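A.B. asks: Just so you know, we're using the working numbering here: the sequence shown kicks off at 1195 and counts up by one.
Honestly, the hints are just simulated from the structure, not real lab data.
Bear in mind that the values here come from a model prediction, so they are computed numbers and not experimental data.
Where hints are given, some of them may not hold.
What the hints assert, rightly or not - Derived lysine-lysine pairs resembling BS3-like cross-links, with alpha carbons at most 30 Å apart:
no.: 1; residue 1: Lys1213; residue 2: Lys1262
no.: 2; residue 1: Lys1225; residue 2: Lys1213
no.: 3; residue 1: Lys1437; residue 2: Lys1379
no.: 4; residue 1: Lys1437; residue 2: Lys1225
no.: 5; residue 1: Lys1379; residue 2: Lys1225
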Amino acid sequence: MIHSNTVFPFRDVVLIADKLGESEKLTPIHKRRDLEMTDAQTLDTLRSTINSLGLRVHTYNGPDDLAKNAALHSNDIVLSIYGGRASRNRMALVPAICETFGLRFIGPDVYGRIVAQDKEVTKRLASDCGIITPAWRIVRSVEDLRYISGLRLPVVIKPLMEGSSIGIAQRNRVVDVADVLPLAKELLETFNQPVLIEEFVAGREVAYSKIQHAGAESWAFSEVVIEGNDDYFTNHLFDADEKLIPTVGRTIRNIDHELHANDRAAIDTFLTMFGAYGYCRVDGRLADGNFHFLELTPDAWIAPRGQFARGFTEKGWSYAEVIAAVLASVD
């Protein structure tokens, strides 16, 4: 664990965060493209926590502002929670600016960001590393639907290159084969990118969170659960609506003791093969005691109430210690 009184080899943190606005709030949640942007409460809490660690914070709204001011930050580190919208390359823009101007930054490099954004690539890597991965197919056109006949219902249909459950509602868990074509066609047209169709895993909604260079205990295994209805996610998705408007009783539990050693070893191998990630969340399902891989999120939502931070704070870390460890992960 990195303690909150750690002395860092830098004095300033450059925070890149595009603020969530009002423009899309009337759009149905599963169709919104702004869900990876940062709300004001999260941004204020993160800045004040970094300040409490004895560090100064400089905040920019996006990669363009960082590029204009790069010369001012040659001795600082960059922490990006930039979400962007409607571009498959958006998560790679900040590390691209950092690499261009020689700035130190937390998280994956440009290539790593692109790999993490592409669910097909990360699923293949996870499978190669021995992590159980539900069967899937990639649909790039309606004609590709002929290749999904081997998948078992129910299936989950979602955009290939999105995060934060963009494009995902409960209807994306499809139990009738007649509903596959219209939903896949709608997502292809709406998001202008391939669609991932994978077998649904009836199990618990879990995540393995880890912070690089922060010691052997810098990992957490946690579960999203509805108190009083522990089986809720057995037949439900953790979709965009649920993330923005939580069901009453939803909370995060730390369940480190339920992660099998072989599953943890396989996930750690996967992260090693992936390369630098700084801090991340590996999302999955826990079924029959085994971890099933869904996706990698190297820019996990960093708010105190989010699953990444709660996985640690539910086992005794303070939020300041989580952020200190994240900042110390810079390579």
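A.B. asks: Does each hint hold? Answer for all of them.
C.D. replies: Consistency of the hints with the structure:
1. Lys1213 to Lys1262: 19 Å, holds
2. Lys1225 to Lys1213: Measuring from Cα to Cα gives roughly 18 Å; hence the hint holds.
3. Lys1437 to Lys1379: Holds. Lys1437 to Lys1379 sits at ~25 Å (cutoff 30 Å).
4. Lys1437 to Lys1225: Between Lys1437 and Lys1225 the Cα gap is close to 14 Å, so the pair holds against 30 Å.
5. Lys1379 to Lys1225: 14 Å, holds
Violation of the numbered hints given earlier is absent; every hint is satisfied by the structure.
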